[in-house]
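Work out the full structure: start from the sequences and follow the hints.
Protein chains in written order, with the working numbering: chain C, 1 to 105; chain E, 1001 to 1226.
Hints listed in this document are in silico derivations from the structure and should not be mistaken for laboratory results.
One or more hints might be untrue.
[Stated by the list, open to error] If you want the footprint, here are the derived chain E segments under chain C, 3+ residues with CB under 8 angstroms: (1) 1034 to 1043; (2) 1074 to 1081; (3) 1110 to 1121; (4) 1124 to 1134; (5) 1137 to 1145; (6) 1150 to 1162.
Virtual Cβ for every residue (Gly too), placed ideally from N, Cα, C.
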Amino acid sequence: MSATTLWTAVAAVALVSFAFKAAGPAVLAGRELPARARTVIALLAPVLLAAFVVVGIAGPGWSGLDVAVIAGLGAVVVLRLCRVPLLAALVGAVLVTALVRAAGG
Amino acid sequence: MSDSPRDRFRAGLRIGAGFAAASFLLSVSFGAVTQAQGWGVVVPIVCSAVVFSGSAQFALVASLSTGGLGTAVAAAAMINSRFLPMGVAVAGDLRGGRLRRAFEGQAVVDASWAAAHLGGGRFDRLLMFGATVVQWPAWVAGTALGVVLAPDSALQHTLGLDVLAPALFVALLLDELRKDRANRLPAALGAVLAAGLIAFLPTGLALIGAGAAALLGLRGGKGATA
Chain C
1 MSATTLWTAV
11 AAVALVSFAF
21 KAAGPAVLAG
31 RELPARARTV
41 IALLAPVLLA
51 AFVVVGIAGP
61 GWSGLDVAVI
71 AGLGAVVVLR
81 LCRVPLLAAL
91 VGAVLVTALV
101 RAAGG
Chain E
1001 MSDSPRDRFR
1011 AGLRIGAGFA
1021 AASFLLSVSF
1031 GAVTQAQGWG
1041 VVVPIVCSAV
1051 VFSGSAQFAL
1061 VASLSTGGLG
1071 TAVAAAAMIN
1081 SRFLPMGVAV
1091 AGDLRGGRLR
1101 RAFEGQAVVD
1111 ASWAAAHLGG
1121 GRFDRLLMFG
1131 ATVVQWPAWV
1141 AGTALGVVLA
1151 PDSALQHTLG
1161 LDVLAPALFV
1171 ALLLDELRKD
1181 RANRLPAALG
1191 AVLAAGLIAF
1201 LPTGLALIGA
1211 GAAALLGLRG
1221 GKGATA
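In structure tokens:
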């Protein structure tokens, strides 16, 4: 892969990301959206996070399914419900995933 | 919010420190992956500095190794297309003219955006800035370390480091579900849609499609509770 290809790819992705993040704030400026639109937007965070989790577990074409990852994610849920701090909960998830993998050979 | 602006920014720094630790480890693996693909030393570090988006960067490395430039950029762009609705969501809480808002919108990264969500579609702008400001250096430094160490992916897999990204999202999701009961049904629908769409669509499009679950908010009467 040539250096030009690499640099072009990185520059293009950086520009596209900038534009995606800039578009909403720049176009809407200070205008308030109607109440219904705000309600939909309020739901975007939980919806997208749930989708991230599922996509992360499944992987493209459901090719990424892994018992160890699911066990690690279960550990995060339990630890966070027990009010364990975020970073400790993440470390717990990594440990559980590593242990399940070790146990599974 | 009764806290002073400085307190809110500091609260963001505190929350962001946890995200930063997680992104540091993730970016080490990004740096490492690029070495296996022959990216050299400078490109991965610059990439992390200017793109600053784990999922898009991983997609870029993976797709550049198998497909052409256009395909790779399109894959990364589709993943980052989620920043469009996310930017629309925070737009009302940013300040200044169009140009300044466009730059303030760059603070939108997944974890900061979710943590800054106060509920009811309102965002704490300064908390988001604080949370993003600590993640960026961690992301760039982790990439540099990954480039230098280049631990092989088998080792990262053995250590269970690949669970970090989804684990962070699970923790953030849990916070959203506890923040507001009205979030539960849409989140469940989003999960179901994502599960169906990821079977045949690329990641970015599956995420956008799943985002349609937020349209449940159009059901009359039940406005969001702030």
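### Query
Which of the numbered hints above does this structure break?
4 and 5
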